[in-house]
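Peer 1: In case you want the letters, here they are:
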Amino acid sequence: MSKYLLFLFLIVFSTGKAQEDKMTISEVEILKKEVHKRAQELKTITSTFIQLKHIDFLSNDIKSSGDLYFKSPNIIKWSYTKPYEYSVIFKNKSLYINDAGKKSDINLTSNKIFRNLNDLIVKSVSGNMLDDPQFLTEFYKLDGFYVATMKPIDKTLSTLFTEIILNFNIQTFLVEKVLLVESSGDYTLIKFDNIDINNTIPDAIFAH
Amino acid sequence: MRYLLISITLLLFYGCKVATVKNFDTIALSSDTIHNPYFSNMDMDYVYKATIEIYGNRISGIFVVKKLGEKQHRIVCTSQFGSTFFNIEFIDGGHIIHSIAPELNKKMILDILLQDLSLLIKEEDTPEEGYTNDHFYVLKNQVEKRSNFYFYRKSDTLLQKIMHTSKVKEKFEIQFEAISEAKVAEKVTITHQGIKLAILLNRLKN
Numbered sequence: 039m040s041k042y043l044l045f046l047f048l049i050v051f052s053t054g055k056a057q058e059d060k061m062t063i064s065e066v067e068i069l070k071k072e073v074h075k076r077a078q079e080l081k082t083i084t085s086t087f088i089q090l091k092h093i094d095f096l097s098n099d100i101k102s103s104g105d106l107y108f109k110s111p112n113i114i115k116w117s118y119t120k121p122y123e124y125s126v127i128f129k130n131k132s133l134y135i136n137d138a139g140k141k142s143d144i145n146l147t148s149n150k151i152f153r154n155l156n157d158l159i160v161k162s163v164s165g166n167m168l169d170d171p172q173f174l175t176e177f178y179k180l181d182g183f184y185v186a187t188m189k190p191i192d193k194t195l196s197t198l199f200t201e202i203i204l205n206f207n208i209q210t211f212l213v214e215k216v217l218l219v220e221s222s223g224d225y226t227l228i229k230f231d232n233i234d235i236n237n238t239i240p241d242a243i244f245a246h
Numbered sequence: 009m010r011y012l013l014i015s016i017t018l019l020l021f022y023g024c025k026v027a028t029v030k031n032f033d034t035i036a037l038s039s040d041t042i043h044n045p046y047f048s049n050m051d052m053d054y055v056y057k058a059t060i061e062i063y064g065n066r067i068s069g070i071f072v073v074k075k076l077g078e079k080q081h082r083i084v085c086t087s088q089f090g091s092t093f094f095n096i097e098f099i100d101g102g103h104i105i106h107s108i109a110p111e112l113n114k115k116m117i118l119d120i121l122l123q124d125l126s127l128l129i130k131e132e133d134t135p136e137e138g139y140t141n142d143h144f145y146v147l148k149n150q151v152e153k154r155s156n157f158y159f160y161r162k163s164d165t166l167l168q169k170i171m172h173t174s175k176v177k178e179k180f181e182i183q184f185e186a187i188s189e190a191k192v193a194e195k196v197t198i199t200h201q202g203i204k205l206a207i208l209l210n211r212l213k214n
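Protein chains in written order, with this note's numbering: chain X, 39 to 246; chain C, 9 to 214.
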């Protein structure tokens, strides 16, 4: 019996370790350097995305999808197209919302939560937050990704999310998955596909 | 003089009576029970896109209801990006707040939320009075100084709205629209009378 338990323990233990490898200091330095270099060169990103909201007690995750547009240094548009039409543009210290044709805006200078959220989203998309002192960051390799697990120190941000996990493509150093984890353990997973960088985005995309 | 006083008293009494069932006929109650079927299936995730309009501001998010037990519901509302506005469990007539955004964690807002949501998911109640007109059967339930009027359509017996009132004033109503065969309300609207607050829910299908 004890041999069987030991065997079971080894399987479970070794399975866990096989997927998740801590990155060496030099690997982390390369990742930071490449991501920083990529962020410096980055002018635009266009991408599609799929978002899954996991709530523990639900039978199924809530799925939505749409398009992302990013223009350096800090203009970003999330456009949800399924299962509803809803878009937000972070631009000029404001958040412009188009809720199925009904337009509104929020001044980010007077709203710390949205300002932090904007900052977080811009940095997540560009990946340029690995040296940010507002987070305690750990690095590892998992399922073919470089993974940065970031715990916010800032109180406002930590009330929203306890962990922000960025998955970087090992070849391109672009963020392909973002996981936003809440204190309850519920999380939002955003997966980016069809990523194009440095193509021209018409100004009309960011018009409100 | 005495008759005049009685008349004035009666006039005041009827003048102040809540207008919800004005011009309805009173009916005798038989074995009627109040039943709200719209969040009663434990196998179903009730997922809605929510729009909250409050004093000219508009907030949008995802609104989720799940029945977890005989008298147990969980209600979660999140932003589009997934951060939680509130996560509240209703169990055996009480509630547990699992999480709430600091902006909403104020007594007045919390009282309104708990009042609205507990009525939204309440499945069974005992009627104390009944009314009817050409279109509706109405069952009234009273809790202390507040009443809930449940409007059932005569055409198909479906629950169309619940009106929550004080003794003299309508406070808020919950409208259920586009009822599916599985007894799911595709659209739900909560509208307040005294404060500028409306919650609009449109069901999402994955």
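By construction, these hints were calculated from the structure, which means they are not laboratory data. One or more hints might be untrue.
Said to hold, decoys possible - Restraint-style ranges between C-beta atoms, simulated for each label pair: (1) C:Asn31 to X:Asn130: 51 to 59 Å; (2) C:Phe32 to X:Lys229: 24 to 32 Å; (3) C:His43 to X:Lys229: 51 to 59 Å; (4) X:Lys140 to C:Met116: 21 to 29 Å; (5) C:Ala206 to X:Asp241: 45 to 53 Å; (6) C:Ser163 to X:Asn130: 49 to 57 Å; (7) X:Glu123 to C:Glu132: 31 to 39 Å; (8) X:Ser97 to C:Ala36: 53 to 61 Å; (9) X:Asn130 to C:Asp100: 47 to 55 Å; (10) C:Lys191 to X:Ala245: 57 to 65 Å; (11) X:Thr147 to C:Phe32: 33 to 41 Å; (12) C:Lys195 to X:Ala245: 25 to 33 Å; (13) X:Thr86 to C:Ser48: 36 to 44 Å.
Ideal Cβ placement from N, Cα and C applies to all residues, glycine included.
Peer 1: Run every hint past the structure and note whether it holds.
Peer 2: Results for each hint:
1. C:Asn31 to X:Asn130: 51 to 59 Å: Because 55 Å falls inside the window, the suggested range holds.
2. C:Phe32 to X:Lys229: 24 to 32 Å: violated, 55 Å
3. C:His43 to X:Lys229: 51 to 59 Å: Because 42 Å falls outside the window, the suggested range is violated.
4. X:Lys140 to C:Met116: 21 to 29 Å: This hint holds: roughly 26 Å between Cβ atoms.
5. C:Ala206 to X:Asp241: 45 to 53 Å: The hint (45 to 53 Å, Cβ to Cβ) is violated, given that Ala206 (chain C) and Asp241 (chain X) are roughly 35 Å apart.
6. C:Ser163 to X:Asn130: 49 to 57 Å: holds, 53 Å
7. X:Glu123 to C:Glu132: 31 to 39 Å: At roughly 38 Å between Cβ atoms, Glu132 (chain C) and Glu123 (chain X) fall inside 31 to 39 Å, so the hint holds.
8. X:Ser97 to C:Ala36: 53 to 61 Å: violated, 43 Å
9. X:Asn130 to C:Asp100: 47 to 55 Å: The hint (47 to 55 Å, Cβ to Cβ) holds, given that Asn130 (chain X) and Asp100 (chain C) are roughly 50 Å apart.
10. C:Lys191 to X:Ala245: 57 to 65 Å: For Ala245 (chain X) against Lys191 (chain C), whose Cβ atoms are near 43 Å apart, the range 57 to 65 Å is violated.
11. X:Thr147 to C:Phe32: 33 to 41 Å: About 53 Å separates the Cβ atoms of Thr147 (chain X) and Phe32 (chain C), which means 33 to 41 Å is violated.
12. C:Lys195 to X:Ala245: 25 to 33 Å: holds, 31 Å
13. X:Thr86 to C:Ser48: 36 to 44 Å: holds, 37 Å
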